[in-house]
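K.L.:
Sequence:
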Amino acid sequence: MNLVIVESPAKAKTINKYLGSDYKVLASYGHVRDLPPKDGSVRPDEDFDMSWEVDGKAAKRLAEIADAAKGADRLILATDPDREGEAISWHVLEVLQKKRALKDKSVQRVVFNAITKSAVTEAMANPRDLDMELVEAYLARRALDYLVGFTLSPVLWRKLPGAKSAGRVQSVALRVIVDREIEIERFRTQEYWTVEAEVSANSDPFTARLVKHDGKRLTKFDLASEASAFAARDAVKAATFTVAALERKPGRRSPPPPFTTSSLQQEASRKLGFNAQRTMQTAQKLYEGVDIGGETVGLITYMRTDGVQTAPEALDEARAVIGGLYGKEYVPEKPRFYSTKAKNAQEAHEAIRPTSLARNPGKLRLEGDLGRLYELIWKRMIASQMESARIERTTIDLESADGKTGLRATGQVVTFPGYLAVYEEGQDDPEDEEGGRLPQVSEGAEAKVRSAKADQHFTEPPPRYSEASLVKKMEELGIGRPSTYASILTVLRDRAYVRMEKQRFVPEDKGRLLIAFLEEFFGRYVEYDFTAGLEERLDLVSAGDLDWKVLLREFWEDFNRKIGEMGELRMSDVLTALDTTLGPHLFPDKPDGSDPRACPVCNTGRMGLKSSRFGPFLGCSNYPECRHTRPLTVAEDGDEAAAGDRELGVDPVTGETVFLKSGRFGPYVQLGEGEKPKRASLPKGWSAPDMDLEKGLRLLRLPREIGKHPEDGKPILAGIGRFGPFVQHDGTYANLPSVDEVFEVGVNRAVDLIATKRAGRRGGEAAALKDLGAHPADGQPVRVLSGRYGPYIKHGSTNANVPRGADPMSVTLEQAVALIAEREAKGGGKKKPARAAKAKAEPKAKAAAKKPAAKKTAAKKAAPKTSTKAPADDIGDDEAPF
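Numbering (my numbering), first residue to last: 1 to 882.
Hints are supplied without guarantee of correctness; some may be wrong.
[Claimed, not checked] Below, computed lysine-lysine pairings styled on DSSO-like, alpha-carbon distance capped at 30 Å: (1) 60 with 103; (2) 103 with 17; (3) 271 with 770; (4) 237 with 13; (5) 562 with 216; (6) 404 with 216; (7) 334 with 363; (8) 212 with 453; (9) 13 with 99; (10) 60 with 105; (11) 708 with 684; (12) 103 with 70; (13) 678 with 708; (14) 562 with 549; (15) 24 with 98; (16) 105 with 70; (17) 695 with 684; (18) 695 with 714; (19) 510 with 472; (20) 562 with 510; (21) 105 with 13; (22) 472 with 502; (23) 472 with 404; (24) 826 with 70; (25) 57 with 826; (26) 249 with 453; (27) 678 with 13; (28) 24 with 103; (29) 590 with 714.
Hint data in this document are derived by calculation from the structure and do not stem from the laboratory.
Please model the entire structure based on the sequences and the hints provided.
P.N.:
Structure (structure tokens):
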């Protein structure tokens, strides 16, 4: 019997069908060991010796693998064909050797780029040894991430209270976002004008723009005012033009290469609205296999790759499919071959493509995310092997009789669509395309101006990064690896270093504060070139050209010395440095030229950066005489009054003034100015600049009485508490899905929520927010429920959390199925009843009671309970959150 180890159970099931009864395929469920999240897991003083810990859930699976290995003739490690896959195989092998489960058995490593019968069979016929150079590259990265996180984090906690830390690469990715925000803040809008005319030259009318005025070629800002623009417009109206030059230039547009991990994430973001994590989860399912006609088939090749090359047999198939669907004229004379241009491209495998292009997306009829992403991959691969598009670019130059005024019209037309018949690459920030086809005109012909207009424009700041443009930028800079981008961006969002607005990354103040601290005191380690250079050296380890421990020694020597220097730095020094660095952001210049740091309450003190155990805030220098504080956040226009500390109006009931104020914990509304005035914090999603009297009074009058409960006549209240909006009756609290419902919920809805909550306490089910339908695998219902700790998805005995920040009402069945599968892959399911757990624990407790009491020892300080595990079969470099 041959024992085969893969990562995921879905892959194991499919491969077992391909290999037959002589093989037993078991899943490791991703990584089985990791560095314990505590000091001493990597020991630089012992030449970077590392302690590995078997994950609790993996222990049972490893025991099963070990038992199977003892009875097997051969062990075949068939994990993914990348560095992480090599590392998983190494970990499994190490554990089995320690368990003495192998003895003299043959151990082989096989890799396949697609989960198809032919690919798997061919891989089994061509085994190799474990690639220790790839394993050492993994070890180097894991040690670097650990050392940075567990050495830098305590410094942050001591010197920057309230701060969390980000990993080695996440910090640099955050800096990219912050740097763009600083660019936007420093940008100064500039006015400019353009003049266009509708012209005909014995032809249909067409539009031409002014390019020459008063005998001078115009640049973008030459027409900087309304007066100059109107003067130019009038000159166009008064002039007589002829066609001075006519140019028709044929051109070609070549298709883009098939997808890499990075380009797939970018295009899925632009065209499908998927974030990187959603793209990779969907691609993982397409790779592992989808049930088609009762057979599980891997539909795409491996989805973590930097390579753009394609197997010869796939090129031949693509050309055949193109000829059959679109005609011979769409098939180029020779196949197209591509090479990667990405910085630091490494470990190149085949590009992402369908395992069979004959599987047309229209015939497969895959549903939801699977269908949309497969269609995108299929079209991109087909387009990459099609003829170039042929385009004709036309330019018409018009000149006035006196030669002082000139107009130009440009256009283009597709004369042969080529690959554009199937696919056109999206642009994250598209520029204006050239116009369409221009009419036929003759050189020397007289041209008449039918109308002319002057349009005002303003320059715009660079756009904030979307997922697509940020992934592209990181790839250009050589930061991280495409397989890790999804986890990097997820970490930044989960730690609230950034937020998403209109699908764009906006840095939060805590993120800016972290980057300011790192740039001020650890500048080298967030430099783009340093991070990219470290990636290049890690690639040398992968190639066997650099010893991994030499790399670690060189990094640790400088980094550890810098950490030691921080111990001598006082908190006041840190705050002073950050106050100076962040000053332009925290205290932007005011239009009236007054001091932006002036305290708005006492008028004599100056606002500055302060610190408390809850984190930094802004406070008055006249403390304690003046106790004015506000959070770091400022209004978009930089006016502190807009962000807080303003009157909203007078309460018609009490006659007292309602204020909007800002405290160190955020904005709040206050009724009156007494010793203990009534206050209410602004709930999540409510912004200070949008606050008015009506909203303020609604908050101050919470909790509101909805009505009386029909059973006992006791009041039912609605309010906003520590854990969000709720309804309450006689000590029972039930969550509401949104803040708005606090002010709208009626008695019937509240009674139902409370009854459901009480039923849940007695063993019933939580409140159902949304029924998603039947699970495609077993037909059982999939629902979104409201639980004690937030919304979650339920399918059978499996519960999966709704991702933080996601709207539970917008979750689709496809997304829910993916989250359930991920939860099950981690070993998630219904917990044992408390009684069973207690009964199981009783014998151990009795045995412990018979032992003599141990002497009391001083309690050790617990290490931070920070998980460094990533989802099974979806872990990459630089993913460990510290």
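K.L.:
Hint by hint, say whether it matches the structure.
P.N.:
Going through the hints against the structure:
Taking the CA atoms of residue 60 and residue 103, the gap is near 21 Å; set against the 30 Å cutoff, the hint holds. Of the supplied pair hints, the one linking residue 103 and residue 17 holds, its CA atoms being roughly 28 Å apart against a limit of 30 Å. Using a Cα cut-off of 30 Å, the hinted pair residue 271 and residue 770 holds, with the two alpha carbons roughly 27 Å apart. The suggested pairing of residue 237 with residue 13 is violated, with an alpha-carbon distance near 76 Å, which exceeds 30 Å.
Among the hinted pairs, residue 562 with residue 216 is inconsistent with the structure: their alpha-carbon atoms are about 58 Å apart, more than 30 Å. The hinted pair formed by residue 404 and residue 216 meets the criterion: a straight-line CA distance of about 7 Å does not exceed 30 Å. At most 30 Å may separate the alpha-carbon atoms for a hinted pair to count; residue 334 and residue 363 meet this at roughly 28 Å. Under the criterion of a C-alpha separation no larger than 30 Å, the hint pairing residue 212 with residue 453 is consistent with the structure, at around 15 Å.
At most 30 Å may separate the alpha-carbon atoms for a hinted pair to count; residue 13 and residue 99 meet this at roughly 26 Å. Between the alpha carbons of residue 60 and residue 105 the distance comes to roughly 22 Å, so the proposed pair stays at or under 30 Å and holds. Taking the CA atoms of residue 708 and residue 684, the gap is about 29 Å. The hint holds against a cut of 30 Å. At roughly 8 Å between alpha-carbon atoms, residue 103 and residue 70 fall within 30 Å of each other, so this suggested pair holds.
The suggested pairing of residue 678 with residue 708 holds, with an alpha-carbon distance near 25 Å, which does not exceed 30 Å. With a C-alpha separation of about 20 Å, the suggested pair residue 562 and residue 549 falls inside the 30 Å cut-off, and the hint holds. A hinted pair counts as satisfied when its Cα atoms are at most 30 Å apart, and residue 24 with residue 98 qualifies at roughly 22 Å. Taken as a hint, the residue 105 and residue 70 pair is honoured in the structure, with Cα atoms around 9 Å apart against an allowance of 30 Å.
Distance hint between residue 695 and residue 684 is fulfilled; the C-alpha atoms sit about 14 Å from each other, no more than 30 Å. Our distance criterion of 30 Å between C-alpha atoms is met by residue 695 and residue 714, whose separation comes to about 28 Å. Our distance criterion of 30 Å between C-alpha atoms is met by residue 510 and residue 472, whose separation comes to about 25 Å. At most 30 Å may separate the alpha-carbon atoms for a hinted pair to count; residue 562 and residue 510 meet this at roughly 23 Å.
Only pairs whose Cα atoms come within 30 Å are accepted, and residue 105 paired with residue 13 is accepted, the gap being roughly 24 Å. Taking the CA atoms of residue 472 and residue 502, the gap is near 19 Å; set against the 30 Å cutoff, the hint holds. Only pairs whose Cα atoms come within 30 Å are accepted, and residue 472 paired with residue 404 is rejected, the gap being roughly 44 Å. For a cut-off of 30 Å, the pair hint linking residue 826 to residue 70 stands: about 25 Å separates their Cα positions.
Using a Cα cut-off of 30 Å, the hinted pair residue 57 and residue 826 holds, with the two alpha carbons roughly 8 Å apart. Only pairs whose Cα atoms come within 30 Å are accepted, and residue 249 paired with residue 453 is accepted, the gap being roughly 29 Å. As the CA atoms of residue 678 and residue 13 are separated by approximately 62 Å, the hinted pair breaks the 30 Å bound. Distance hint between residue 24 and residue 103 is fulfilled; the C-alpha atoms sit about 19 Å from each other, no more than 30 Å.
A hinted pair counts as satisfied when its Cα atoms are at most 30 Å apart, and residue 590 with residue 714 does not qualify at roughly 54 Å.
Hints 4, 5, 23, 27 and 29, counting from the list given before, are not met by this structure.
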